[in-house]
Amino acid sequence: MPIDKIVPDVAAAVAGVKDGDTIMISGFGFAGVPNDLIHGVLDSGAKDLTVISNNAGTGTEGLAALIGSGRVKRIICSYPRSKGSDQFDARYAAGEIELELVPQGTLSERMRAAGAGVAGFYTPTGVGTDLAEGKEVRNFEGRDYVLELPLRADLALVQAYKADRWGNLIYSKAARNFGPVMALAADLTIVQVREIVPLGDMDPEAIVTPSIFVDRVVHIDNDREWDI
Amino acid sequence: MSTAVSTSGQGAGFTKLSRLQIARRAAEMIPDGSFVNLGIGIPTLAANVMPEGKEIVLHSENGILGVGPAPAEADRDRDLINASKEYVTLRPGGSFFVHSDAFAMIRGGHLDLALLGAFQVAGNGDLANWTTGDRRFPPGVGGAMDLAAGAKGIWVLTDHVTKKGEPKIVNTCSLPLTAPGVVKRIFTDIAVIDVTEGGLVVREMVPGLTLEQLQEMTEPPLTLADDWKELVVA
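So the protein lines, in turn, are chains A and B.
Heads up: the first sequence is residues 1 to 228, going by my numbering.
Heads up: the second sequence is residues 1 to 234, going by my numbering.
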């Protein structure tokens with residue numbers, strides 16, 4: 001039977017998301033954010049969510065809307081404070097959202113470790129700072145390193161440029177950012193793409209995320225600009 | 001190009017550099033052939049004022065090597081932005097890659113230089129640039145700790161004093177550290193200062209500024225380099 005990961009719409013793409021889930025969301029700034037999928041999660045009504053994303057949303061749509069809805073209890077990110085991050089800022093100031101701040105390279109490497117079956121790694125990042133507090137420090141060849149543990153998720157919401165029915169992906173420019181490494185680290189990787197191509201059309205040398213890391217693909221052909 | 005403003009008060013007879021001029025001076029001093037990361041704030045402006053005649057490859061933490069200057073408004077691409085979330089271009093030879101590779105380049109010691117912003121820099125090179133500790137202003141570490149730990153050299157680009165006029169170059173950082181002892185050179189709106197084992201050495205000062213005036217705005221003791229120059233930027 002042919003493998004076909006393409007689903008008809010956003011609701012089908014996020015079907016099964018539930019209260020208490022941990023959700024990775026791709027994007028850096030406004031590039032590569034899967035806004036349609038985020039609104040699918042919002043429409044599902046799921047609550048008590050933990051979100052893992054580089055930023056904490058800006059404007060009134062996308063991640064800012066999800067945070068503004070009060071359904072995100074915890075966010076793990078590197079850089080929540082941005083121009084327009086009012087939704088997060090207000091909830092953070094009021095103590096209504098928990099923040100785990102992670103250095104950006106540690107964030108992406110923890111995802112990679114989770115997806116690659118690595119139980120942890122020692123990094124020089126953060127040594128001697130508040131973000132290393134309570135973590136094991138070990139000296140290798142005269143330099144201190146901090147032990148960091150894998151970071152996995154129930155779902156990853158990813159934006160890519162093109163997919164085929166197996167779920168092979170290519171991305172567009174700097175909108176790639178966290179997409180490929182989040183696809184490794186989640187139990188269920190859901191991707192919104194601007195274009196679907198027949199199997200075999202993509203240059204195998206150029207595929208960025210191989211099909212094995214992808215579970216569902218939804219085609220979003222509207223090119224609206226979100227308030228993010 | 002120049003948007004420098006005259007300082008007022010204290011009868012100061014010198015002109016501060018604009019943010020773009022700070023970036024330009026730092027860009028002029030980047031060695032030819034370097035691979036350089038530009039952090040959020042003043043550093044990302046450097047991409048617009050890179051010196052002619054040198055080939056320098058700019059890295060952006062969000063997965064770009066070969067960052068070029070800002071595009072014309074009509075050529076903006078929402079998929080092509082830098083660490084400051086500003087539109088950029090890609091130079092011939094440029095490439096895109098996943099975040100974990102962007103940080104392998106950073107953490108793995110492959111970058112010659114990182115230009116970063118700062119809240120505070122201490123005389124021993126300690127850097128604080130990720131949190132003010134004030135809950136109204138959420139912290140943001142981004143890639144700063146990775147860059148501070150991994151790049152071969154760290155230059156800081158910053159105003160010399162805070163908006164309230166307090167020194168940003170201090171004896172001991174009162175704010176939480178990004179990394180201890182990493183800053184090698186500080187470019188401000190009035191001076192260029194090297195962090196050395198023997199203390200802070202002033203390489204350049206804007207015309208009209210005296211060492212005494214500069215010292216008043218700087219906590220750790222300053223030494224003037226024998227071959228110091230006037231800090232003049234186009």
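Be aware that one or more of the hints could be misleading.
[Claimed, not checked] According to the in silico footprint, chain B covers these stretches of chain A (three or more CB under 8 angstroms from chain B): (1) 73-81; (2) 165-173.
[As the list claims (entries may be wrong)] Ranges of calculated distance between the beta carbons of each label pair, as one might list FRET restraints: (3) A:207 to B:77: 40 to 48 angstroms; (4) B:216 to A:43: 30 to 38 angstroms; (5) B:137 to A:138: 54 to 62 angstroms; (6) B:94 to A:187: 32 to 40 angstroms; (7) A:149 to B:215: 40 to 48 angstroms; (8) A:73 to B:48: 35 to 43 angstroms.
Calculated from the structure, these hints are not laboratory results.
Where is the CB? At the ideal position from N, CA and C, for every residue including glycine.
Now for the hints, and whether the structure bears them out:
1. Counting residues of the stretch 73-81 of chain A whose CB falls under 8 angstroms from any CB of chain B gives 4; the rule of at least 3 is met.
2. With a cut-off of 8 angstroms between beta carbons, the stretch 165-173 of chain A has 3 residues touching chain B; three or more are needed, and the interface restraint holds.
3. The hinted window of 40 to 48 angstroms between residue 207 of chain A and residue 77 of chain B is violated, with their beta carbons roughly 22 angstroms apart.
4. Distance hint check for residue 216 of chain B and residue 43 of chain A: the Cβ-Cβ separation is about 59 angstroms, which falls outside the suggested range of 30 to 38 angstroms.
5. Checking the proposed 54 to 62 angstroms range against residue 137 of chain B and residue 138 of chain A shows it is violated: the Cβ atoms sit about 33 angstroms from each other.
6. For the pair residue 94 of chain B and residue 187 of chain A, the beta carbons lie near 35 angstroms from each other, so the given range of 32 to 40 angstroms is met.
7. Separated by about 47 angstroms at the C-beta atoms, residue 149 of chain A and residue 215 of chain B satisfy the suggested range of 40 to 48 angstroms.
8. Separation of residue 73 of chain A from residue 48 of chain B is about 41 angstroms and conforms to the stated range, judged on CB atoms against 35 to 43 angstroms.
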